[in-house]
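Asker: Protein chains in written order, with this note's numbering: chain H, 124 to 352; chain W, 270 to 513.
If you only want the chain H side, here are some residues facing chain W, beta carbon under 8 Å, derived:
#1 Met185
#2 Arg201
#3 Arg202
#4 Glu284
#5 Val289
#6 Met296
Quick look at which bits of chain W chain H covers, simulated, 3 or more residues with Cβ under 8 Å:
#7 278-288
#8 316-330
#9 333-347
#10 431-441
Just so you know, these hints were derived from the structure itself, not from any lab.
The beta carbon of each residue, even a glycine, is placed where N, CA and C say it ideally should be.
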Amino acid sequence: MLWIKAWEESRTRFAIIALVLTGFCVFATLFHRPVGPLGSGSVGLRIHDLIYSGTAKGTFAMLSVFLGLGGLTRERVRRTAMFTLALPVSRLQVLGTQVGVGLLELAVLSLLPGFSLPLLSWLAHDPYPFLKALHYSVLWFVCSMVVFAFAYLLAVAFEGEYTPPVACYIALMVQALIASWAPLRSYRLNLMWTMAEFPAIPWERLLTLLMITFVFFALAAWITRKQDL
Amino acid sequence: MLWYKAWRESQARFLLSACTIAGLCVVFVLFHSQGAASAYRSRTYVEYIWRIVYKGYLREIFALLALLLGVGGLRRERDYGTAGFTLTLPVSRLRLVSIRAAMGLSEIALLSFLPVIVIPALSPLVGQVYPWTQALEFGLLWAAGGSFLFVIGFLASILFAGEYTAAVVAVTVTLGYSVVADRPFVQRYVIDVHDLMSGTGTHHFQPDVFLLVGPLPSAALSIILLIVCSSVLLAGCITQRQDF
Numbered sequence: 124m125l126w127i128k129a130w131e132e133s134r135t136r137f138a139i140i141a142l143v144l145t146g147f148c149v150f151a152t153l154f155h156r157p158v159g160p161l162g163s164g165s166v167g168l169r170i171h172d173l174i175y176s177g178t179a180k181g182t183f184a185m186l187s188v189f190l191g192l193g194g195l196t197r198e199r200v201r202r203t204a205m206f207t208l209a210l211p212v213s214r215l216q217v218l219g220t221q222v223g224v225g226l227l228e229l230a231v232l233s234l235l236p237g238f239s240l241p242l243l244s245w246l247a248h249d250p251y252p253f254l255k256a257l258h259y260s261v262l263w264f265v266c267s268m269v270v271f272a273f274a275y276l277l278a279v280a281f282e283g284e285y286t287p288p289v290a291c292y293i294a295l296m297v298q299a300l301i302a303s304w305a306p307l308r309s310y311r312l313n314l315m316w317t318m319a320e321f322p323a324i325p326w327e328r329l330l331t332l333l334m335i336t337f338v339f340f341a342l343a344a345w346i347t348r349k350q351d352l
Numbered sequence: 270m271l272w273y274k275a276w277r278e279s280q281a282r283f284l285l286s287a288c289t290i291a292g293l294c295v296v297f298v299l300f301h302s303q304g305a306a307s308a309y310r311s312r313t314y315v316e317y318i319w320r321i322v323y324k325g326y327l328r329e330i331f332a333l334l335a336l337l338l339g340v341g342g343l344r345r346e347r348d349y350g351t352a353g354f355t356l357t358l359p360v361s362r363l364r365l366v367s368i369r370a371a372m373g374l375s376e377i378a379l380l381s382f383l384p385v386i387v388i389p390a391l392s393p394l395v396g397q398v399y400p401w402t403q404a405l406e407f408g409l410l411w412a413a414g415g416s417f418l419f420v421i422g423f424l425a426s427i428l429f430a431g432e433y434t435a436a437v438v439a440v441t442v443t444l445g446y447s448v449v450a451d452r453p454f455v456q457r458y459v460i461d462v463h464d465l466m467s468g469t470g471t472h473h474f475q476p477d478v479f480l481l482v483g484p485l486p487s488a489a490l491s492i493i494l495l496i497v498c499s500s501v502l503l504a505g506c507i508t509q510r511q512d513f
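In isolation and in its complexed conformation, chain H is listed as follows (with noise of 0.2 Å):
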């Protein structure tokens, strides 16, 4: 039950990016000429042009900001959350399975240009190798995870309903300064960049990521267990 509540108050802003990510890659294999010196290029360079170093990838962080928007301080501000407390639950519980479909839906996200451009770009008859768009599909998860993560505790600490997308995207902005700083670029820390690595996976990087999540969600956990809703 817990999970069909969570599915539907976030499954319209799930459908909506779907649509996005969908529509960049039927253009970006089908009708996509990249300005330059790429124009005339293969159906490979038109979708690493604008997927995934490009337009969609950025596209894709931002929008995973809006599913990490959850939590029970919402529910407060909307008076629903004497209800949802009422229900024989912990706390604990209807954060996990917020998060718990949240992820999920970034797994289905992450997964679509996953699916979608290989067999796209094999009606281009020019196909794009599907182990190449699975890895990228595996950094796009883990990145929008972070985004996801940190999103989700704006929203439990915060009662405003645009403050948390507004001080999120602040962060990401100022994080991916920092990381442009000289003595810091070598670590490769700009999440953009990490979603954008090729040929090997960051292994390390990504786990640095998983950890950071980890303590975004505990740290949700543990406001949400002291709040007084």
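Got chain H sorted already, so can you dock chain W onto it with the hints?
Answerer: Okay, now just chain W, sitting in the frame of chain H:
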């Protein structure tokens, strides 16, 4: 009172945005030597400011914040159960919408002019000079571009209910618009507000010195003003017909 209500509903977002923009301007100016030497390999201070503020990170943050300042309104109030109280006030729905739009556009204007004040004022502290006139011209371009982005979020909040649906749609529409406006055959006919805000979308930007020369693009600014006013009017008309 309606102005105060609109202010209270958006003050957290506005103050956070203002602190961020002002703070980043201060950081960019004070640490310009590190910035110019690393990611923004700029030959001159003016080039560095243009790359990092008017074309780079700050422009992107400003664009997103302008979008998010536009969302809110009566459809969100309906979900909170407060729309009934607002609608019993002795004012028309058009007035409600207009004042919310006016407050938002004022906030956009204030945010646009923060770099105008901070950058030229602080530059002498690091032994550099940034012309006030340049900062002012870019401020006007940002006010226009920011207003356009604001009404995208504003219209989305009028049309779409559901928590954050309006914001997701607004971000999606803006990104789609950016992709389409960069197509060569579209570029000739459609203004890309991101290019307008960086000056590269005008014939008045000199890329070799990274300065705006000559008059600002009055045609583009007029079209944007027309779009903003029409959008607010459209939003008012839609709100008048909605059932809360």
